[in-house]
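Visitor: Below, each chain spelled out in residue letters.
Number of protein chains: 2
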Amino acid sequence: MRVSQIRIPVDGLPTQWFNIVPALPEPLPRPKDPDEGPSRLGQLQRIFLSSMLEQESSQQPLIAIPEEVRELLVQAGRPRPLYRAYRLEQRLGVGRGVRLYYKREDLSPTGSHKVNTALAQVYFASKEGKKRVITETGAGQWGSALAYAAGLLGLECTVYWVRHAMEMKPQRLALMKLYGADVAASPSSRTECGRRLSSANHSHPGSLGIAISEAIEDTLRSEDAVYCLGSVLNHVLMHQTIIGLEAMKQFELVDDYPTLMIACLGGGSNFGGFTLPFIAEQLKGKNETRFLAAQSEAAPNLIKGEYRYDFGDYAEHTPLMKMFTLGHKAEMHPIYADGLRYHAAAPLISLLRSLRVVEATAFPMGEREVFEAARLFTQAEGFLPAPESAYAVKAAVDEARRLKRDGGEAAIAFNISGHGFLDLDSYEKVLFQ
Amino acid sequence: MRVSQIRIPVDGLPTQWFNIVPALPEPLPRPKDPDEGPSRLGQLQRIFLSSMLEQESSQQPLIAIPEEVRELLVQAGRPRPLYRAYRLEQRLGVGRGVRLYYKREDLSPTGSHKVNTALAQVYFASKEGKKRVITETGAGQWGSALAYAAGLLGLECTVYWVRHAMEMKPQRLALMKLYGADVAASPSSRTECGRRLSSANHSHPGSLGIAISEAIEDTLRSEDAVYCLGSVLNHVLMHQTIIGLEAMKQFELVDDYPTLMIACLGGGSNFGGFTLPFIAEQLKGKNETRFLAAQSEAAPNLIKGEYRYDFGDYAEHTPLMKMFTLGHKAEMHPIYADGLRYHAAAPLISLLRSLRVVEATAFPMGEREVFEAARLFTQAEGFLPAPESAYAVKAAVDEARRLKRDGGEAAIAFNISGHGFLDLDSYEKVLFQ
Chain A
0 MRVSQIRIPV DGLPTQWFNI VPALPEPLPR PKDPDEGPSR LGQLQRIFLS SMLEQESSQQ
60 PLIAIPEEVR ELLVQAGRPR PLYRAYRLEQ RLGVGRGVRL YYKREDLSPT GSHKVNTALA
120 QVYFASKEGK KRVITETGAG QWGSALAYAA GLLGLECTVY WVRHAMEMKP QRLALMKLYG
180 ADVAASPSSR TECGRRLSSA NHSHPGSLGI AISEAIEDTL RSEDAVYCLG SVLNHVLMHQ
240 TIIGLEAMKQ FELVDDYPTL MIACLGGGSN FGGFTLPFIA EQLKGKNETR FLAAQSEAAP
300 NLIKGEYRYD FGDYAEHTPL MKMFTLGHKA EMHPIYADGL RYHAAAPLIS LLRSLRVVEA
360 TAFPMGEREV FEAARLFTQA EGFLPAPESA YAVKAAVDEA RRLKRDGGEA AIAFNISGHG
420 FLDLDSYEKV LFQ
Chain B
0 MRVSQIRIPV DGLPTQWFNI VPALPEPLPR PKDPDEGPSR LGQLQRIFLS SMLEQESSQQ
60 PLIAIPEEVR ELLVQAGRPR PLYRAYRLEQ RLGVGRGVRL YYKREDLSPT GSHKVNTALA
120 QVYFASKEGK KRVITETGAG QWGSALAYAA GLLGLECTVY WVRHAMEMKP QRLALMKLYG
180 ADVAASPSSR TECGRRLSSA NHSHPGSLGI AISEAIEDTL RSEDAVYCLG SVLNHVLMHQ
240 TIIGLEAMKQ FELVDDYPTL MIACLGGGSN FGGFTLPFIA EQLKGKNETR FLAAQSEAAP
300 NLIKGEYRYD FGDYAEHTPL MKMFTLGHKA EMHPIYADGL RYHAAAPLIS LLRSLRVVEA
360 TAFPMGEREV FEAARLFTQA EGFLPAPESA YAVKAAVDEA RRLKRDGGEA AIAFNISGHG
420 FLDLDSYEKV LFQ
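Quick note, the sequences are listed as chains A and B, same order. If you count by numbering that gives the first Met the number 0, then the first sequence holds residues 0 to 432, one letter each, in order. If you count by numbering that gives the first Met the number 0, then the second sequence holds residues 0 to 432, one letter each, in order.
Source of the hints: derived by calculation from the structure; they are not laboratory data. Since the structure is predicted, the reported quantities are computational estimates derived from the model, not experimental observations. For glycine and all other residues, C-beta sits at the position ideal for the given N, C-alpha and C. Hints are supplied without guarantee of correctness; some may be wrong.
[Unchecked claim] Pair by pair, the computed Cβ-Cβ distance ranges are: (1) Pro21(B) to Leu61(A): 53 to 59 Å; (2) Ser202(A) to Lys248(B): 52 to 58 Å; (3) Val253(B) to Met167(A): 40 to 46 Å; (4) Glu251(A) to Gly284(B): 42 to 48 Å; (5) Val253(A) to Lys248(B): 19 to 25 Å; (6) Lys285(B) to Gly406(A): 57 to 63 Å; (7) Gly96(A) to Pro24(B): 56 to 62 Å.
Chain A with its partners taken away, still in its complex shape:
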């Protein structure tokens, strides 16, 4: 029997997160305050959990996953399978030397990898005595994941959701409400910042910068609340390494090893989570794997960005971080894969890019060819990827076709970071209209 599904047992779930920071060949540039204005670093201390700030700057290579968090990850369905894509290989007609694999984060309860860090963050919030978690969301994947985690742990959850994005996604809004979250269209009437903008314009479309401002204002005035972030930061990427650590065990089971790893990249938590454990092995000289980030031409931060200090957000609330950035005020064309629209890549990924460990490719904003690759994958393998994940599929399919033409061996591993059940309108528009 040809077994496409590669599983590790439940008790094979990793017991430690992987922290690449101490293994880096040069120190990770630290965040800093801008020359003018209030101290952003000082504000971080007030709005984040102390345990998260500790993880953020930890020099420990492995950090124990608390037993309660492991229970939550198992509840969320982990470990998730790795698949050998026999059926896709067959459709592509690649030779025996080309092996395709994909990891199934689409099996997440909310539909994306974001739950991996949401569960950890809400657990630590609860442990530090917080009663409420606060965040902002753009595409909505992060807001759903935090709402889910808060629901499970019985904490309150407030999500400031960019109004125009929220109005386009009534189903995802219903999902957040089902989990019990309190969702505010941003700008809202709950904060000074929001009231100022919405009193001038009741149907103000909002922006991620405004939503961040509202979330931070709400956190600062609430004793028992904490602010949570779903990407970019070291500790978020570290929580996501559960993906790559599982994949490593799964490759051992089938006695193979990826020669090329592909994940889509907006801010970098999905890409980092999948690749960092393998990148660390490369830094020790143990592999020659290529690590390829799949991006959109709407936000090709690793390709067209400059490696310099920049704010993480439009409204300049965050400290300055050294990142490949298109500029924190950059205007980015709307695309269906909204999760890939971020102006900069996480500091960790950016450093690795500057060291030429990480490669990147970007696909056109029309998205037709990306959605076509997703259609091929869906018919061959049966699973519907999120539009973001479709970028990884496209990059993998391109590489497989190149190898078919030019010859060569490869084990290509890509990550299906989420499912597309809440994105079928986008598929309809791109492929069938």
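Starting from the structure of chain A, add chain B where the hints point.
Guide: Coordinates of chain B only, in the frame set by chain A:
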């Protein structure tokens, strides 16, 4: 560590389907032709696969699952986990003696248990040299599952979809098209029957009866096509026993055994798939488990139906089958859990009901209390059930609350037959408007 997820390894996937027919205490009444009109039994021979007709009347207690079908079931993610619902138990505040378990068919690629039989049927179609599978669909779950299976195996798939249902579900339509299916709004211009109706009224809303007529007409005139059905028939229920067979192994792993099994029931394939292997043990005197079907008051066939010969469809295309039926021309109130709106229960389940092995309960058509139970489940366990599955959740929650009040021990197992990501509009309407 408290492990909520109970898994069997991939190579623990059952190797045989379970056929309860030879174990029944009295013979299953055979389908028969009505006194008047053409022979429906004769027509079955022309539109169904011979291997399916053979399975339909088999007296073998166990039927080997072909290796290729087992590969497909593994590709689709099987075996699926059974969960101990620790978090739901905690929210309900039940005592230590009350244990809740649920099986996760919501992990299906298309979102429901229907893929289990779709993969088998399309495999056998391919083996018998067919190039195309044809069906009709109402709610759309069966159409998606058949489209998915045909996509994987490279067969063509034609779905006649009741027009008014299709128009309400653009996302599910996009999903079927992504799998490569050819979807016709019924009545269509492709068949004589359809043309007759749609020429008189271009926006004819259609009905399941009309869609069946179209699918059968299309099959009869096509040499290399076959007609497929997603519920009611013996072989369909048998393909679904993979659910119960897996659950049986999973209960062995945790050294427990269900004292009450609950599944929602429309035609009966989900209920039968989950319970039949356990019901067979009861027929051998090995357990005293209760088997409870969760229904809607819109279609309480096991409760208000009569046990008699009736047609399986409005248009009288099928042979007469002995079933608990509300009458094949019964009008049923629309509900969001559309998959539960069927006038009769499968002959197998109906016989077991007449023998008092199967119990049934029905919930009000307003569906509010059912959706409330689903909300509780979603917040406690993190998974969003399909509206149909929410009926099983509701029945399980009611029973747990009763035990909390009255005392007593129980191991309650229920089946989450599908996910609700394509039903969030229904959740919004029932809970938030």
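Visitor: Confirm or reject each hint.
Guide: Hint check:
no.	hint	verdict
1	Pro21(B) to Leu61(A): 53 to 59 Å	holds (57 Å)
2	Ser202(A) to Lys248(B): 52 to 58 Å	holds (56 Å)
3	Val253(B) to Met167(A): 40 to 46 Å	holds (44 Å)
4	Glu251(A) to Gly284(B): 42 to 48 Å	holds (47 Å)
5	Val253(A) to Lys248(B): 19 to 25 Å	holds (24 Å)
6	Lys285(B) to Gly406(A): 57 to 63 Å	holds (60 Å)
7	Gly96(A) to Pro24(B): 56 to 62 Å	holds (58 Å)
Violated hints: none; the structure is consistent with every hint.
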